[in-house]
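Undergrad: Chain order of the listed sequences is G and U. Going letter by letter, the first sequence gives residues 1 to 364 in my numbering. Going letter by letter, the second sequence gives residues 1001 to 1308 in my numbering.
These aren't lab readings, by the way, just hints derived from the structure by calculation. There could be a bad hint or two in this list.
As the list claims (entries may be wrong) - Here are the simulated EDC-like cross-link-like pairs (lysine to aspartate or glutamate), alpha carbons at most 20 Å apart as the crow flies:
1) U/1005 - U/1203
2) G/3 - U/1111
3) G/17 - U/1099
4) G/3 - U/1203
5) G/43 - G/122
6) U/1154 - U/1168
7) U/1088 - U/1168
8) U/1109 - G/122
9) G/197 - U/1203
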Amino acid sequence: MFKYLVEKEFKQIIRNKFLPKLIIGYPIVMMILMPHAANLDIKNIRVSVVDGANSSLSRELYRKVEASDYFSSVYVVQSYEEALQSVERSKSDIILEIPASFENDIVNTGKASVYIASNSVDGLRGSVAASYLATVVSEYSRQVTQVSQALPVVEIISRSRFNPSMDYKVFMVPALIAMLITIIGGFLPALNIVSEKEAGTIEQMNVTPVGKFQFIAAKLIPYWIIGFIILTITLILSKLLYGIVPVGSLLVFYLLSSLFLLVVSGFGLLISNYSSTMQQAMFVMFFFLLIMILMSGLFTPIASMPLWAKAISAINPMSYFIEIMRMVFLKGGNLYYLAKPVIILCGFAVLFNTWAVVSYHKTT
Amino acid sequence: MSADKKPVVAENLSKSFGQVTALQNISFETERGEMFGVIGPDGAGKTTLFRILTTLLVQSSGDAFVDGYDVKGDFRKIREIIGYMPGKFSLYGDLSVEENLNFFASIFKVDPKENYHLIKDIFHQLEPFRNRKAAALSGGMKQKLALSCALIHKPSVLFLDEPTTGVDPVSRREFWQMLDRLKSMGITIIVSTAYMDEALLCDRIALMKNGILLGVDSPAGMVASYKERLLAIKGGDMHSILKALHDIDIVKSAYSFGHEHHAAISPDFTGDAVEKIMLELTSRGFNDALVKNINPSVEDCYMELSAN
Chain G
1 MFKYLVEKEF KQIIRNKFLP KLIIGYPIVM MILMPHAANL DIKNIRVSVV
51 DGANSSLSRE LYRKVEASDY FSSVYVVQSY EEALQSVERS KSDIILEIPA
101 SFENDIVNTG KASVYIASNS VDGLRGSVAA SYLATVVSEY SRQVTQVSQA
151 LPVVEIISRS RFNPSMDYKV FMVPALIAML ITIIGGFLPA LNIVSEKEAG
201 TIEQMNVTPV GKFQFIAAKL IPYWIIGFII LTITLILSKL LYGIVPVGSL
251 LVFYLLSSLF LLVVSGFGLL ISNYSSTMQQ AMFVMFFFLL IMILMSGLFT
301 PIASMPLWAK AISAINPMSY FIEIMRMVFL KGGNLYYLAK PVIILCGFAV
351 LFNTWAVVSY HKTT
Chain U
1001 MSADKKPVVA ENLSKSFGQV TALQNISFET ERGEMFGVIG PDGAGKTTLF
1051 RILTTLLVQS SGDAFVDGYD VKGDFRKIRE IIGYMPGKFS LYGDLSVEEN
1101 LNFFASIFKV DPKENYHLIK DIFHQLEPFR NRKAAALSGG MKQKLALSCA
1151 LIHKPSVLFL DEPTTGVDPV SRREFWQMLD RLKSMGITII VSTAYMDEAL
1201 LCDRIALMKN GILLGVDSPA GMVASYKERL LAIKGGDMHS ILKALHDIDI
1251 VKSAYSFGHE HHAAISPDFT GDAVEKIMLE LTSRGFNDAL VKNINPSVED
1301 CYMELSAN
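Hey, can you work out the whole structure from these sequences and the hints?
TA: Here's what the structure looks like:
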């Protein structure tokens, strides 16, 4: 009997005009586009320079800026107002103002100040651009002072461990996998159940000897299988497109992915229990999906969130899974090192699935 | 499926949804092999009653048994022995006719061939479309498929919730002929309908209104127990005539019935009712009114019972 239930689900998924294409196409598109689009490396910064000094030293400074990889173009303008206008017209992102006394100050006192103003409409870009520019300026100042006074200075050499090139793609791929599992493994079966509610077919099933567990399990199994196919597709794509492979073992990767699959499918069932229409279920899912993604450390680090936001991400299963995936991909963490997030995810799996089962009985 | 157990027993069955009372103290029994009709307008509580009897809904109070099994405690047992066809088409539209039938057979763990004789007459008409998706069938064909799927496990009791609502008159007649054949095969059929003419096709009927059971009897018994004298009145200005009838003191109740009005005469009046009504109407200026004695129908019984 159970075999026929699963068979029916597969038939329905495959016959759907849209779903199979979506299930295969979605991860591929996500893997191809997202790591490039969701790139937090700030590049192509355009600088307006107000060169009040107009001296060889000031020219040297902004040529140095020009030479940096982060800055795409440097415009020299006559006044600060003009520079500000270019920012307003989105022609440049940041202003470097060199005062008229720049060269004099350096030569006479060894000290000079410059003024940096950055467009912070996009806060992240603004502050990162300002700090890049400050770095260039301080490097320059070191050069100048070394030449003139040869003072010993502390040089900082930073090395990024586990992601030496600070490649953002390496960071994104594991997070994308978490998103894909949530959508395919959690939300699709839930929507499927709600659609049976809407069509009334669930009533017809309820008057048959098919038990609730059988009915739900038959719904989940096809999506779990699809989830594993998608995991494999993303692994292959991340190797082919970005050369990214999990440093940790594949077994750990699949094992923990299936744990997360269990968490999100429990969560999906919970939503399906409380929704009577597809529209309602979709809306609730989008609500939670957005919160889960934004609060998961996918785009912004949890460490820099305010306290209340940290509290929310502490009850966000996705944040634990993204942590796990990044560890598995970048650090090669084994189960021992991942114990804490894994135990928490197990807790979520138990909580959501128990709640889903209990509430399912209540509503019928 | 013991023979001594009544197929369906309801004892003081009540159900309320918050403030709304959908069923109030419903009690009745059905006999094995009979066609039992639950008759009432929309909102009478027919579907709620069916949903409780088919274990889809839990009653607020009272008891109900199907083949001796309690709908609350033994719901698993009941689900194995009943067939249910809800008012709304609820098969899988993306599976073909044949797949739907095989699917429902397989979840009841029966071989579709085993009980094919039950549905042969019905399914025969679906044969040309066996590979068509259920969603692409016409209304009448969908209904035949739904009936086939509800029958494929040879249920002991078949529940049909408003099977003929929205079905054309020819298909309706055909459908009732199919039900007759099923009855002759020994299946107890519980069918609900809002059409009074279909009540006559049942062995016994239960009349329902606003969640209350007005009475249970055979259609003939119901008509025979009609106490009042009944008149049919026809005339030019039907609307005003009905108003006038309400004003006449010997008229106990008056209501429009098709293209005429029916008036039940108060039992206190013993004279010639036809003449009296004619006189009353003429005195009110309705010279063209035609009045005659008629025999009551099930609908008249329904009107009488619901008025009391």
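Undergrad: Looking back at the hints listed earlier, which ones does the structure fail to meet?
TA: 4, 6, 8 and 9
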